[in-house]
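Taken in order, these protein sequences are the chains called A and B. Numbering-wise (my numbering), the first sequence opens with residue 727 and increments by one. Numbering-wise (my numbering), the second sequence opens with residue 44 and increments by one.
Please note that the accuracy of each hint is not assured.
[Unchecked claim] Distance condition first, Cα-Cα at most 27 Å in a straight line; then the derived DSS-like pairs of lysine-lysine: (1) B/137 - B/199; (2) B/137 - A/765; (3) A/822 - B/57; (4) A/865 - A/822; (5) A/780 - A/765; (6) A/884 - B/205; (7) B/233 - A/765.
[As the list claims (entries may be wrong)] Quick list of simulated restraints, FRET-style, between CB atoms: (8) B/405 - A/792: 46 to 54 Å; (9) B/354 - A/890: 37 to 45 Å; (10) A/928 - B/260: 54 to 62 Å; (11) B/260 - A/873: 26 to 34 Å; (12) A/970 - B/405: 54 to 62 Å; (13) B/260 - A/884: 15 to 23 Å; (14) A/921 - B/56: 39 to 47 Å; (15) B/56 - A/873: 44 to 52 Å.
Everything labelled a hint here was simulated from the structure, so no lab data went into it. Quick reminder that beta carbons are idealized off the backbone N, C-alpha and C, glycines included.
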Amino acid sequence: MNSDPEGTGTILAGSGRSTFSRQSDIIRIEHLGKIFQDKQRTVIALEDITFNVKRGEIFGLLGPNGAGKSTLIRILTTLLRPTSGRAFVDQYDIVKDPERIRGIIGVCPQNSTLDVELTAYDNLDFYGRLENVDDTTLKERIWELLRMAGLADRAHMKVQTFSGGMKRKLEIVRAFIHKPLILFLDEPTIGLDPESRREVWHQISMLNAADTTIILTTHYMDEAEKLCQRIAFVDQGKLIALDTMDVLKLALPEGDLIELGFDTMDEGLISAIRENRNITSIERKDSRLLISARNGSRVLPFILETFENHGSIITSISIRSPSLEDVFIYLTGKKLGGDSGTGQEHSGTGGLS
Amino acid sequence: MIRSAAAIFTRDLKKFINNPFVIMFTLFMPIMYLVIFGNAMGGTITHIPIAVVQEMPYIDESPLYVTTVAELRHYSQSDNPRTFDVTAYYDEMKAKRDLRDGKVNAVIVFPSPELPDRSIRMYIDSSEYVTPSLIESGLNAVLVKEGAHASVETYKIYGDIKYIQFFGVGVIVMAIFMTTMMGGGIALIKDREMGIIEGYLVTPVRKSSIILGMIGSGTVRAFLSGLIIFIVDLLITGIIVQNPEDFLYVFMILFITSIGITSFMVAMASRFSNQQEYASASAFFNLILFMTSGAFYPVIGMPDWLRWITVINPEYYAVHALRSTILRGQGLEVIGFDIFALCVFSAITITLGIVTYRRTLE
């Protein structure tokens, strides 16, 4: 995409940056908690969350539905007040200085907030004015964004005639109409086809290259792996782990993951396989065997041979490098099992780093 | 078919039951109709202010004057409180001025004792509904009771005004309130319901900008519909506005009334998060305000406990001001206070709207 030649739109973010302290953490979250209460019940949405986001990074917030990701984003974007704890966006306190924060952030919420009765152009125009984009550059900026979203030919059509993907793309470009310092994207690619997802990823990388800090929530692990420099796992309102992807993967037993399906198996089989020194862990789940092994492809013939010797029949085989998803399953599995040691340790180091 | 109909039935009923606010208002509405409408319409009119004057020259007031005034002071319909509040004037011109300014509803001038053959002259504010005929029949009843053989000459100072002309002015205000009920602030609630609000609450936009923007657009719509109905009203009821400046007054009243009522609706909308709740509440308040505005029936006919509503009712001031300009051709000296009251009401509701608006999602 063409860069902004006149550079007027960057005034907001640019001038802000020079006056703000040059500390490396752009967001600081300290023991943040949020409890929703009504007559019948109390829901703890967030519990004692502490971490920092570095200036200029793409930060991923991962977790299943209802983990508290959106609540956290809503608190950081001044839409909700925390029940306990503190948080700072740039140097501003989210409770004391929400007005300042609103001036430097751009947000793409999870649910569509476009006015479907307006045209694409009018939606952007509306937001541009609310975000104080200068009148002299607004028109040009809107067209630039419409082209970026591939909607230039539909500029004057009502949004209600758009497909889900078109709406989503419009909503994403709207979030950075004023070139914000920090961009919050809550499930940006939800409901998009693979092609559009790649386009959005490209846009996010471009914005990040232009010094925008991006906080992204998703429950697509591949998205986080592709984009995010650091990743935080959230589950049931708690921070389970936070680090770069490489470090997170260390939480898993070393090596590749081998998954085997089988019909029958005798007891001696597992101990026989365990004798191989390259195998770091074995876990049996129903009629599947999960094996972690260094140099997985080399170990595989040995495993097949052992199965054959024991007269067991293998129905399926897969071998892969561990993904973020495996890390997540591993971590939450641990946690559900009652041993939260690993998770806590990670969140601790991640938060302080 | 029955099964699916039952499913639709249950779903709809569940929604209704889960919404106690709407249930309350749907029950409240007919009860309020009974109490307010029943009392505001067709209540017995009492305490009509009238002026009596003894025509010059005289040394002592004529017997006709003394007895008739005494009788008028005590006159009442069956067991009701007395019908007239009689004030004795010594200056016929001053009495007529007060009649013009709407302070009294009629001036009765008794002939001088020196010229007993002259008839009683009655000047009457014909722009009101019911009261002119009450005054006429009251005076006649009193004269018959005394056995006095005086004739009465009646002057309707605003000519013959039909009920449709009296009511038509109220309909202009109704146009404003209908527009605000449908439009005023409902977009705010839609934004909340559809989640659009989440998009713009994260921008630096201020509460006051949101509320003032909403009031602005609502006012324009309400003003235009008021204007259209004003023109339609003139055409249908055949009222002739006397002075060009009266048009300016009407525009001013319409504009300020539109601001006031729109602000009131927006102030309510800034608190509600559900269209149904807002619709029931706004219909409820608007109907009370309209019924007690004097659009249908003179405010003087309302019982005292109900009349206090008119003090805070913008539609009362609007109807009064419009009637004063359109039917009576009165100027700022009469409508000044109405305009002041409308401004105060607008200022309060605008402030209320801004203060109560929730800037977060909670």
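List of violated hint numbers, smallest to largest: The structure conflicts with hints 2, 3, 4, 5, 6, 8, 9, 10, 12, although it agrees with all the remaining ones.
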